[in-house]
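Engineer: Take a look at the letters that make up each chain.
2 protein chains.
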Amino acid sequence: MSNALLDRLRAELGGEAVVTDSDVMATYSRDQMPLAPAGTPLAVVSPEDAEGVRAAVRACAEAGVPVVPRGAGSGLSGAANAVDGCVVLVTTKLDRIVEIDPDNRLAVVQPGVVNQALRDAVAKHGLFYPPDPSSYEWCTVGGNLATNAGGLCCVKYGVTADFVLGLEVVLADGSVLRTGRRTVKGVAGYDLTRLFVGSEGTLGVITEATLSLRPLPQAPATLVAAFPSASAAGAAVSRIVREGVVPSLLEIMDAATIDAVQTYLRTDLGTGSQGGALLLCQSDTGGAQAAAELAAVESSCRDAGAEMTYHTTDPGEGDLLMRARRVALTALESMGSCMTDDVCVPRTRIAELVTGCERIADDVGLTVAVVGHAGDGNMHPTVVYDPTAEGEFDRAKRAFDAILDLGLSLGGTVTGEHGVGRFKQEWLAREIGAVGLDVHRRIKRALDPGNLFNPGSMFSL
Amino acid sequence: MSNALLDRLRAELGGEAVVTDSDVMATYSRDQMPLAPAGTPLAVVSPEDAEGVRAAVRACAEAGVPVVPRGAGSGLSGAANAVDGCVVLVTTKLDRIVEIDPDNRLAVVQPGVVNQALRDAVAKHGLFYPPDPSSYEWCTVGGNLATNAGGLCCVKYGVTADFVLGLEVVLADGSVLRTGRRTVKGVAGYDLTRLFVGSEGTLGVITEATLSLRPLPQAPATLVAAFPSASAAGAAVSRIVREGVVPSLLEIMDAATIDAVQTYLRTDLGTGSQGGALLLCQSDTGGAQAAAELAAVESSCRDAGAEMTYHTTDPGEGDLLMRARRVALTALESMGSCMTDDVCVPRTRIAELVTGCERIADDVGLTVAVVGHAGDGNMHPTVVYDPTAEGEFDRAKRAFDAILDLGLSLGGTVTGEHGVGRFKQEWLAREIGAVGLDVHRRIKRALDPGNLFNPGSMFSL
Numbered sequence: 001m002s003n004a005l006l007d008r009l010r011a012e013l014g015g016e017a018v019v020t021d022s023d024v025m026a027t028y029s030r031d032q033m034p035l036a037p038a039g040t041p042l043a044v045v046s047p048e049d050a051e052g053v054r055a056a057v058r059a060c061a062e063a064g065v066p067v068v069p070r071g072a073g074s075g076l077s078g079a080a081n082a083v084d085g086c087v088v089l090v091t092t093k094l095d096r097i098v099e100i101d102p103d104n105r106l107a108v109v110q111p112g113v114v115n116q117a118l119r120d121a122v123a124k125h126g127l128f129y130p131p132d133p134s135s136y137e138w139c140t141v142g143g144n145l146a147t148n149a150g151g152l153c154c155v156k157y158g159v160t161a162d163f164v165l166g167l168e169v170v171l172a173d174g175s176v177l178r179t180g181r182r183t184v185k186g187v188a189g190y191d192l193t194r195l196f197v198g199s200e201g202t203l204g205v206i207t208e209a210t211l212s213l214r215p216l217p218q219a220p221a222t223l224v225a226a227f228p229s230a231s232a233a234g235a236a237v238s239r240i241v242r243e244g245v246v247p248s249l250l251e252i253m254d255a256a257t258i259d260a261v262q263t264y265l266r267t268d269l270g271t272g273s274q275g276g277a278l279l280l281c282q283s284d285t286g287g288a289q290a291a292a293e294l295a296a297v298e299s300s301c302r303d304a305g306a307e308m309t310y311h312t313t314d315p316g317e318g319d320l321l322m323r324a325r326r327v328a329l330t331a332l333e334s335m336g337s338c339m340t341d342d343v344c345v346p347r348t349r350i351a352e353l354v355t356g357c358e359r360i361a362d363d364v365g366l367t368v369a370v371v372g373h374a375g376d377g378n379m380h381p382t383v384v385y386d387p388t389a390e391g392e393f394d395r396a397k398r399a400f401d402a403i404l405d406l407g408l409s410l411g412g413t414v415t416g417e418h419g420v421g422r423f424k425q426e427w428l429a430r431e432i433g434a435v436g437l438d439v440h441r442r443i444k445r446a447l448d449p450g451n452l453f454n455p456g457s458m459f460s461l
Numbered sequence: 001m002s003n004a005l006l007d008r009l010r011a012e013l014g015g016e017a018v019v020t021d022s023d024v025m026a027t028y029s030r031d032q033m034p035l036a037p038a039g040t041p042l043a044v045v046s047p048e049d050a051e052g053v054r055a056a057v058r059a060c061a062e063a064g065v066p067v068v069p070r071g072a073g074s075g076l077s078g079a080a081n082a083v084d085g086c087v088v089l090v091t092t093k094l095d096r097i098v099e100i101d102p103d104n105r106l107a108v109v110q111p112g113v114v115n116q117a118l119r120d121a122v123a124k125h126g127l128f129y130p131p132d133p134s135s136y137e138w139c140t141v142g143g144n145l146a147t148n149a150g151g152l153c154c155v156k157y158g159v160t161a162d163f164v165l166g167l168e169v170v171l172a173d174g175s176v177l178r179t180g181r182r183t184v185k186g187v188a189g190y191d192l193t194r195l196f197v198g199s200e201g202t203l204g205v206i207t208e209a210t211l212s213l214r215p216l217p218q219a220p221a222t223l224v225a226a227f228p229s230a231s232a233a234g235a236a237v238s239r240i241v242r243e244g245v246v247p248s249l250l251e252i253m254d255a256a257t258i259d260a261v262q263t264y265l266r267t268d269l270g271t272g273s274q275g276g277a278l279l280l281c282q283s284d285t286g287g288a289q290a291a292a293e294l295a296a297v298e299s300s301c302r303d304a305g306a307e308m309t310y311h312t313t314d315p316g317e318g319d320l321l322m323r324a325r326r327v328a329l330t331a332l333e334s335m336g337s338c339m340t341d342d343v344c345v346p347r348t349r350i351a352e353l354v355t356g357c358e359r360i361a362d363d364v365g366l367t368v369a370v371v372g373h374a375g376d377g378n379m380h381p382t383v384v385y386d387p388t389a390e391g392e393f394d395r396a397k398r399a400f401d402a403i404l405d406l407g408l409s410l411g412g413t414v415t416g417e418h419g420v421g422r423f424k425q426e427w428l429a430r431e432i433g434a435v436g437l438d439v440h441r442r443i444k445r446a447l448d449p450g451n452l453f454n455p456g457s458m459f460s461l
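Read top to bottom, the protein sequences are chains E and P. Counting along the first sequence from 1, when you hit position 197 you're at 197 in my numbering, and nothing is skipped either side. Counting along the second sequence from 1, when you hit position 315 you're at 315 in my numbering, and nothing is skipped either side.
Rather than coming from a laboratory, the hints here were simulated on the basis of the structure.
In silico negatives: residues of chain P with every beta carbon more than 10 Å from chain E:
1) E12
2) G14
3) E62
4) R119
5) A121
6) A123
7) S134
8) S229
9) R266
10) A295
11) E298
12) D314
13) L320
14) C338
15) D362
16) L366
Listed next, the in silico DSBU-like pairs over lysine-lysine satisfying Cα-Cα at most 30 Å (straight line):
17) P/K124 - E/K156
18) P/K93 - P/K124
19) P/K156 - E/K124
20) P/K156 - E/K156
21) E/K124 - E/K156
22) E/K93 - E/K124
23) P/K124 - P/K156
Ideal placement from N, C-alpha and C gives every residue a C-beta, glycine not left out.
Using the sequences provided together with the hints, build the complete structure.
Structural biologist: Okay, here's the thing in structure tokens:
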């Protein structure tokens with residue numbers, strides 16, 4: 001049966017599009033979340049067009065072989081991880097920007113287009129594709145769509161889903177569904193576009209997307225503010241939100257993160273007292289407007305107890321200030337192995353999350369550094385551990401889970417942008433409850449009755 | 001059976017919540033779209049809380065009696081119209097604003113809250129709930145959610161769906177589903193929130209919504225521009241989009257609309273030559289920023305051939321300028337009966353839509369006036385006819401359908417904001433195609449296997 005499927009895939013897609021070499025397959029068998037389980041695929045196939053995707057899906061459906069769709073593999077939930085005996089369907093060769101329409105501010109792209117490539121291409125037309133997950137230099141739009149990827153831009157611009165007008169999707173029966181439209185508005189039928197965005201490859205394979213674009217913003221002005229405590233930084237975030245300023249970036253780093261970055265960069269960030277926290281803020285509205293926004297943010301920070309604030313309209317200097325944030329995870333990884341959470345909490349609960357993480361760190365005797373998107377409450381508490389030290393992995397996992405628990409208890413979600421995948425299924429069930437899970441299963445069964453796509457990911461049938 | 005159901009509903013909801021008087025029921029049997037069919041209900045029930053909704057749904061499900069959910073009845077597609085023998089479930093008594101949380105910029109509301117009441121309540125906290133369908137003074141948030149209502153705000157702020165963080169929904173089996181979250185971001189599972197928003201009461205009854213809010217904008221600055229032709233006005237819209245300005249309002253009125261408004265208001269709008277068109281534009285960013293935005297818009301209008309432009313930062317004068325747009329439909333209704341389309345086309349195709357409507361008007365020998373949300377391409381071509389004149393209704397309907405056809409041929413959708421309901425089922429099928437319709441049916445069957453909610457609306461099983 002398996003051999004017959006391989007023969008059919010080779011016949012329909014061409015021999016080079018079908019890989020069965022175990023070393024090569026291993027590189028396509030998991031994403032960037034090392035803790036999620038991964039199986040051994042039967043084959044890895046890389047169709048070159050939507051017709052190829054359709055042929056592969058049909059062949060697998062008829063053979064009863066599961067399909068795990070996959071982009072560049074930058075995911076952080078194991079949602080692109082192989083299951084034993086599956087066909088991994090890689091969409092990176094569908095990498096064409098089909099159309100850029102500046103007058104309607106939209107682009108039509110295939111799923112294999114790299115996020116950065118799209119950003120660069122539309123920038124030439126004075127346009128902006130905001131979603132900016134940290135892997136933007138190599139992740140693909142298809143993966144961004146499947147996981148509803150976020151990034152630093154979300155505080156002002158929202159997530160990937162907010163930029164999707166329509167999709168072309170190959171369904172489990174091989175039929176091709178077109179969702180959405182090219183127009184700005186439209187209410188003809190259910191919002192199937194949003195159903196597929198973020199469904200982590202469990203409902204179909206996206207073969208084309210129509211994306212809305214924004215005008216290219218101005219070069220950012222940047223502000224950094226140092227606080228004596230995470231509570232003070234959290235209070236500043238609440239003040240900024242209440243004052244009605246919508247910055248284009250608002251990030252927080254706690255004391256443990258600042259320590260790690262200072263060690264890694266061999267520099268003093270000038271944050272003053274121990275146990276403090278940093279806020280980094282940008283405005284991309286330009287000129288007097290940006291100056292007014294940052295002045296308001298600065299005032300909110302001072303009122304909340306900031307010990308130091310500094311701002312610049314020079315993009316180069318702003319980049320330098322942002323470097324501390326950008327290297328944060330790398331700095332933490334230089335200290336050991338990392339488990340990075342992505343809980344999202346109401347913005348008023350950020351300080352409680354940070355102090356809660358300090359408690360958890362004390363409990364397990366490990367470093368937990370909190371860095372995150374303060375403007376939308378999406379935090380990345382990161383547990384640092386030594387995988388070779390007896391019992392440390394277990395303690396790290398205990399801390400990781402305790403942080404998810406804390407996030408839920410603060411009215412948050414277990415995943416703000418990384419997704420559920422093969423790693424947080426039980427946490428999804430806990431967050432959405434029995435009725436929510438039942439509705440997920442009913443929808444999955446309705447669209448993929450044979451459980452063809454990504455079986456066991458997100459939830460089990 | 002029916003009597004047993006009435007007894008049960010009276011026992012569970014209280015006698016006053018169950019109406020069977022035929023005159024009263026008639027007022028609850030249809031919305032504001034006179035062309036959609038409406039049946040005679042068995043009863044109209046008005047529960048006072050979510051538990052009452054649940055009890056009514058369970059009782060109807062067990063009796064096999066369809067449920068048609070309904071808000072204030074301001075809809076324009078017949079989606080709230082009764083079917084024979086159904087129970088109309090009115091949610092207007094669930095009218096509590098449960099919570100306003102300024103620091104997290106969100107509100108929790110019951111479905112019966114009137115749009116304007118919510119706007120007023122959050123404005124006291126310096127916050128803004130943008131969705132502004134033209135019935136905002138009396139339509140309810142529940143109806144806005146069910147139809148994914150739009151309005152004038154959409155060009156800058158988006159539609160109702162863009163402001164929904166989470167929902168509480170009573171499903172066909174009487175279970176209570178909670179979708180979404182209170183946080184800004186979240187990717188835990190499928191986007192069930194968006195599936196229910198815009199589903200026109202076919203999948204469940206919304207009993208609570210968590211809505212995101214924006215900072216209250218500044219008082220608007222207003223610009224009006226008169227063009228010698230619809231083509232020139234359409235070209236101006238494309239220029240404005242391309243220049244990257246995002247006004248808070250951008251409306252168009254064609255020559256037929258201008259004529260009707262001038263007659264109705266007994267005034268000369270000073271638009272110059274016959275056959276012209278007007279653009280109305282506002283910016284709500286305030287001060288220098290608003291001045292700069294309107295200056296850019298003015299320049300785009302001039303470049304596209306505007307014969308006259310005028311702008312003001314005085315809100316009162318702006319209101320006066322906007323009056324021409326606000327009275328447009330009333331002015332047209334004073335000329336006869338109206339059939340109002342709501343096709344949405346790519347913004348570059350607006351001029352073609354207007355000139356196409358002129359052709360259609362000539363063909364059928366009736367006035368077709370085009371007014372609409374130019375900033376997002378959502379147009380309201382309105383066919384004016386005399387219902388007492390032999391054959392005029394049929395000709396009006398032919399024009400109405402020809403406009404839908406034209407909208408689709410321009411790459412648009414048959415409904416930008418009014419919905420499908422009991423009026424555009426065949427057009428939905430045509431727009432989304434066989435696969436799209438099949439997916440709709442599969443989802444409906446998965447969530448409402450007994451076809452309890454709003455049967456025959458949007459599509460038939």
